[in-house]
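S.K.: One letter stands for each residue in the lines below.
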Amino acid sequence: MALGAAFITASSIVYFRRDELPPFVIEKLPLRFEALWLASLRVHVASAIVTFPLCILLMTRALQRRALLHRWIGRIAGAVILFALVPSGAVLSFEAKGGPFVSAGFLLSGALVAWFMVKGVLAARRKELGAHRRAMLHVFAQMSVAVTSRALLFGLDAAGMSPDVAYVVALWCPVLGSAAIAELLAGSFKRMVKAHGLKMAMFRRARFVARPVARVGR
Amino acid sequence: MLGLLLVPSLALAADSLPAAVQHRVEEALLKPLAEKEKDRSRFSRARLPPRERRVRVPSATTIRDASDHEYVAFAVDVRFGDQWQENDIVGCAYPQTGALFVKLGDEYRPADVLLGKNADPAPVACVPGKPRS
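Sequence lines, in order, name chains A and B. Residue numbering for the first sequence follows the numbering used here, beginning at 3 and increasing consecutively. Residue numbering for the second sequence follows the numbering used here, beginning at 17 and increasing consecutively.
These aren't lab readings, by the way, just hints derived from the structure by calculation. These numbers were taken from a predicted model, which means no experiment stands behind them. Yeah, the Cβ is synthetic: ideal placement off N, Cα and C, and Gly gets one too. Careful, some of the hints might be misleading.
If you want the ones that stay clear, here's a sample from chain B, every Cβ over 12 Å from chain A, calculated [said to hold, decoys possible]:
1) Pro34
2) Gln38
3) Glu43
4) Lys47
5) Ala76
6) Arg80
7) Ala82
8) Glu86
9) Gln99
10) Gln101
11) Thr113
12) Leu120
13) Val129
14) Asn134
15) Pro144
16) Gly145
Straight-line alpha carbon distances no greater than 20 Å define the calculated EDC-like cross-link-like pairs of lysine to aspartate or glutamate that follow [claimed, not checked]:
17) Lys146/B / Asp136/B
18) Lys30/A / Asp136/B
19) Lys30/A / Asp93/B
20) Lys47/B / Asp81/B
21) Lys119/B / Glu42/B
22) Lys52/B / Glu36/A
23) Lys30/A / Glu53/B
24) Lys30/A / Asp122/B
25) Lys30/A / Asp84/B
26) Lys99/A / Asp81/B
27) Lys30/A / Glu102/B
28) Lys47/B / Glu29/A
29) Lys146/B / Asp84/B
30) Lys146/B / Asp166/A
31) Lys99/A / Asp166/A
32) Lys30/A / Asp81/B
33) Lys133/B / Asp81/B
34) Lys54/B / Glu36/A
35) Lys52/B / Glu42/B
36) Lys54/B / Glu97/A
37) Lys99/A / Asp21/A
38) Lys52/B / Asp21/A
39) Lys52/B / Asp93/B
40) Lys52/B / Glu97/A
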């Protein structure tokens, strides 16, 4: 995911060049509200470049153990996501390739991010860590669509699928799939907390992640 | 843009107009486009470059636009998998100047726009003028 975020950052620099139109913009021309759309694109890209790596950091055990740092980075990421990333993404979604069905996919993803971000922040303020974790898993899952969707686009192109169809598939599959995986992970964790308590559940989760990594290392 | 607008194409003076237009589009648009796409990141939401492009000139006859200049329409087809998609790019070429324009939405812009240059719509380009009485 971190590698994907780095690729996206590297390929997004072109959006800030004033003298050149990037291919993503060219294929959208002519735009109804070109100035608004271009400003939204730059805000969206800039906020994603900042927040996506922060979200990856926030999901690491190392940062979760440092509560104060986790809280402050979470506040920064949450504010930028809610007030810059999601609103600018909503503006962009109305001019999405593929028409209303694709627009709906982007809007759903944005709505999930906003909804679970608010829920997650409220849960954290109430010290309900299980609910906070579930909500933030959903936020991270939808943020990860940026990577999985592009990877899928690349794969479907290699398979020879028409780009118009591939664009729809590469959006809806990651949006729904990520939501399902987040819910599945949150559910299994909740069951673990119920059965063993929060501390033991965290320990078991660490082992659950560590075991396959150790196997690969052998 | 100047490159496409001001440098007249000798090829367009050739006998076979469709072949000359095809050559002009390939040299001035498709080759630079392919070169640009080589350096482009594949990890983007922008459409990935097609496997292949081909130019078609549907009609050999020239048409006069509103400012009384002659032009010839062309189309570019693309192939992604095994299937060709027709009219991926639609545009027109001006045989006298070698200028190329492409259609984006309902308007025509200098073909350089596809190479990433800012180019405003050209209102009279590629639009047939009123027939003379």
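S.K.: Examine each Cβ of chain A, and state whether all of them lie more than 12 Å from the Cβ of Thr113/B.
M.R.: holds, 23 Å
S.K.: With a cut-off of 20 Å on the C-alpha distance, tell me whether Lys146/B and Asp84/B pass.
M.R.: Roughly 9 Å between the alpha carbons, so the hint for Lys146/B and Asp84/B holds.
S.K.: Between Lys47/B and Glu29/A, is the straight-line Cα distance small enough, at 20 Å or below?
M.R.: Roughly 18 Å separates the two Cα atoms, so the pair holds.
S.K.: Find the nearest Cβ of chain A to the Cβ of Ala76/B and say whether that gap is larger than 12 Å.
M.R.: It holds; Ala76/B is separated from chain A by about 30 Å at its closest Cβ, greater than 12 Å.
S.K.: Run the distance test for Lys52/B versus Asp21/A: straight-line Cα separation, threshold 20 Å.
M.R.: holds, 15 Å
S.K.: Is the claim that Glu86/B lies outside the interface with chain A correct, judged by CB distances over 12 Å?
M.R.: Since the minimum Cβ distance to chain A is about 26 Å, Glu86/B lies beyond 12 Å and the statement holds.
S.K.: Hey, does Gln101/B actually stay past 12 Å from chain A on C-beta?
M.R.: violated, 7 Å
S.K.: So is Lys47/B really clear of chain A, every C-beta pair being over 12 Å apart?
M.R.: Given a closest Cβ separation of 17 Å, the condition holds.
S.K.: Checking one constraint from the list: CA of Lys54/B to CA of Glu36/A, max 20 Å. Satisfied?
M.R.: violated, 27 Å
S.K.: Does Arg80/B sit more than 12 Å from chain A, CB to CB?
M.R.: holds, 25 Å
S.K.: Taking 20 Å as the top limit, are the C-alpha atoms of Lys47/B and Asp81/B close enough?
M.R.: violated, 27 Å
S.K.: Is the claim that Ala82/B lies outside the interface with chain A correct, judged by CB distances over 12 Å?
M.R.: At roughly 20 Å from the nearest Cβ of chain A, Ala82/B sits farther out than 12 Å, so the non-interface label holds.
Checked against the numbered hints listed earlier, the structure breaks hints 9, 10, 12, 13, 14, 17, 20, 22, 25, 26, 30, 32, 33, 34, 36, 37 and 40; every other hint is satisfied.
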